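Asker: Dock chain B against the given chain A, drawing on the hints supplied.
Number of protein chains: 2
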Amino acid sequence: MSAADPRFSINQMTVKQLSLPELVDACTALGVRGVGLWREPVRAYGLKAAAGLVRGAGLAVTTLCRGGFLTAAEPAGRATALDDNRAAIDEAAALGTGVLVLVSGGLPEGSGDLVGARLRIVDALGELAPYAAERGVRLAVEPLHPMFASDRCVVSTLAQALDIAEHFPAEQVGVCVDTYHIWWDDAAPAQVERAGAGGRICTFQLADWITPLPAGVLNGRGQIGDGCIDMRAWDARVAAAGYRGPVEVELFNDGLWAGDGRELLTETARRFTAHVG
Amino acid sequence: MSAADPRFSINQMTVKQLSLPELVDACTALGVRGVGLWREPVRAYGLKAAAGLVRGAGLAVTTLCRGGFLTAAEPAGRATALDDNRAAIDEAAALGTGVLVLVSGGLPEGSGDLVGARLRIVDALGELAPYAAERGVRLAVEPLHPMFASDRCVVSTLAQALDIAEHFPAEQVGVCVDTYHIWWDDAAPAQVERAGAGGRICTFQLADWITPLPAGVLNGRGQIGDGCIDMRAWDARVAAAGYRGPVEVELFNDGLWAGDGRELLTETARRFTAHVG
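Chains as they are written, first to last, in this note's numbering: chain A, 1 to 277; chain B, 1 to 277.
Bound conformation, chain A alone (with noise of 0.2 Å):
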């Protein structure tokens, strides 16, 4: 097959089924020049090899995913949650992608705050930002789809995540703009506008939405072209908007998960081509 679009960049999530040095060499043989990481597989491999393999191949790695999880009401949740997040970023930094992508965490065990929740984000941002420029990182706040509000994250939009994120410089804190999340809201297409206006589009990710939903709503993304995203007019947007950078498809999916890696990988580079490219 022809090379991959140079726009395409592949969310390890995607193809987890394959390991660290088997993504390289798929992505090597397909002619796919950016993957975005996720910390387990990369501490599981070792930092620094893995940096090294990455840039060994010439491969950019477009984002790390991810930190966040900056909702706790205590202060030694607190505490934690901001030793992780300092230790992604210096992760994001040895992996020399500039971005982090944040899951920015639901409500505390017995809490119905959204309102507080958020507040605690602005303000645990307020600590980390800084200390992510310092090293060439910048934080892409991403709103989750609303049935992840209580578990997971509590900014459910992309106009929350813009809220969150306008307390901070530009090139401090922006936000991950994907598909899967916000197809829904005929709020987005302008805040994808806002976003692009500011220079806070940090990542745009891809997914599209199947039903019916699996248990636990989590690893139910279509691949691109199965559901009923207009994945052209998403692009369109996003160009529009300003957004220059590359596309990651990043796809949960236990059926997926369950075939060949680089058949997937090669799968999806394909549709990424018929209904992005």
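These aren't lab readings, by the way, just hints derived from the structure by calculation. One should not assume that every hint holds.
It does not matter which identical chain is meant; a pair holds if it fits inside one copy or across any two.
Restricting the straight-line Cα-Cα distance to at most 25 Å, the calculated cross-link-like pairs of lysine to any residue (SDA-like) are [to be verified]:
(1) Lys16 <-> Gly56
(2) Lys16 <-> Lys48
(3) Lys16 <-> Glu40
(4) Lys16 <-> His275
(5) Lys48 <-> Ala133
(6) Lys16 <-> Ala29
(7) Lys16 <-> Thr28
(8) Lys16 <-> Asp226
(9) Lys16 <-> Ala215
(10) Lys48 <-> Ser19
(11) Lys16 <-> Pro212
(12) Lys16 <-> Gly31
(13) Lys16 <-> Leu30
(14) Lys16 <-> Gly58
(15) Lys48 <-> His275
Remember, it's a predicted structure, so these values are computed and weren't measured experimentally.
Answerer: Relative to chain A, chain B alone:
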């Protein structure tokens, strides 16, 4: 136990293991004054018989669930949906309720056009609203949680529901405010105000948000008090917006349905008193 709160109404789906006579009997025993009925069990029992049974017990029918599914793009599908909604309006009138709840419908097979689907809802309501008004029935557009946007309801926020309803006189088309669907939305409190100011709150329904969500996500609604939604705060907002009507508890939950229906009704009334009343 003491009698149920006078504002409390039980949605029939919450205790679907009860037959209609069992439900009416249990409501009488508990002093529950209102029921929200569903078309399917009413038709199975017989419309006239159901109307007589409920009226004879002195129960108010607070809503009929449900009409809607108005997003078909093909003329035949649209005509079928309009016919079915006229039948639902007739049934609501026969049952003596002034509110027909509408679940607007998802995307047609193969379509990703949310905007077009929402426009078709407005178009269909243009035919249905006068028909309903002549029969003393208001149509309540219900926003469903965004996790249902593709396959069940393209109306995902209270703002969108009001945008649709406001094409019509308030005495013809309003909205359903259901905590389960809107609790995550930081724009929803202001939209409750907007709905109240326009006289558009047709009904107020409660369910709590619990995780993990089950496969298919439909039947995972939490008993009042089991989740993270601040029921008292939402009740206060809806009351401040001027709503003085009954409050329905509508739970879809496989676990609750597996138990005894009368006990579930008793417990639901108790939870209402504890967390809202």
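Asker: A separate judgement is required for each hint: does it hold in the structure or not?
Answerer: A quick look at each hint next to the structure:
1. Within a single copy, Lys16 and Gly56 get their C-alpha atoms as close as 21 Å, which meets the 25 Å cut-off; across copies the closest is 62 Å, which misses it.
2. When the C-alpha separation of Lys16 and Lys48 is checked against a cutoff of 25 Å, the pair qualifies only within one copy, where the shortest distance is 20 Å, while the shortest distance between copies is 59 Å.
3. With identical chains, the CA atoms of Lys16 and Glu40 are at most 25 Å apart within one copy only, with a shortest distance of 11 Å there and 45 Å across copies.
4. In this assembly of identical chains, the alpha carbons of Lys16 and His275 lie at most 25 Å apart only when taken from the same copy (23 Å versus 44 Å across copies).
5. For a Cα distance limit of 25 Å, the shortest separation of Lys48 from Ala133 inside one copy, 21 Å, qualifies, whereas the shortest one across copies, 70 Å, does not.
6. Proximity of Lys16 to Ala29 under the C-alpha cut-off of 25 Å is restricted to the intra-copy arrangement: shortest distance 18 Å within a copy versus 57 Å between copies.
7. In the homo-oligomer, the alpha carbons of Lys16 and Thr28 lie at most 25 Å apart inside one protomer (17 Å), although the nearest pairing across protomers, at 57 Å, exceeds that limit.
8. With identical chains, the CA atoms of Lys16 and Asp226 are at most 25 Å apart within one copy only, with a shortest distance of 20 Å there and 35 Å across copies.
9. For a Cα distance limit of 25 Å, the shortest separation of Lys16 from Ala215 qualifies both inside one copy, at 20 Å, and across copies, at 23 Å.
10. Taking the shortest alpha-carbon separations for Lys48 and Ser19, only the intra-copy value of 16 Å comes in at or below 25 Å, while the best inter-copy value is 66 Å.
11. Taking CA atoms no more than 25 Å apart as the test, Lys16 paired with Pro212 passes in both settings, with 22 Å inside one copy and 23 Å between copies.
12. Only within a single protomer do Lys16 and Gly31 lie at most 25 Å apart by alpha-carbon distance; the minimum there is 19 Å, versus 57 Å between protomers.
13. For the identical chains of this complex, Lys16 and Leu30 are intra-copy neighbours only, at 17 Å inside a copy versus 55 Å across copies, given an alpha-carbon limit of 25 Å.
14. When the C-alpha separation of Lys16 and Gly58 is checked against a cutoff of 25 Å, the pair qualifies only within one copy, where the shortest distance is 20 Å, while the shortest distance between copies is 60 Å.
15. With identical chains, the CA atoms of Lys48 and His275 are never at most 25 Å apart, being 36 Å at best within one copy and 54 Å at best between copies.
The structure does not agree with numbered hint 15 stated previously, though it agrees with all others.
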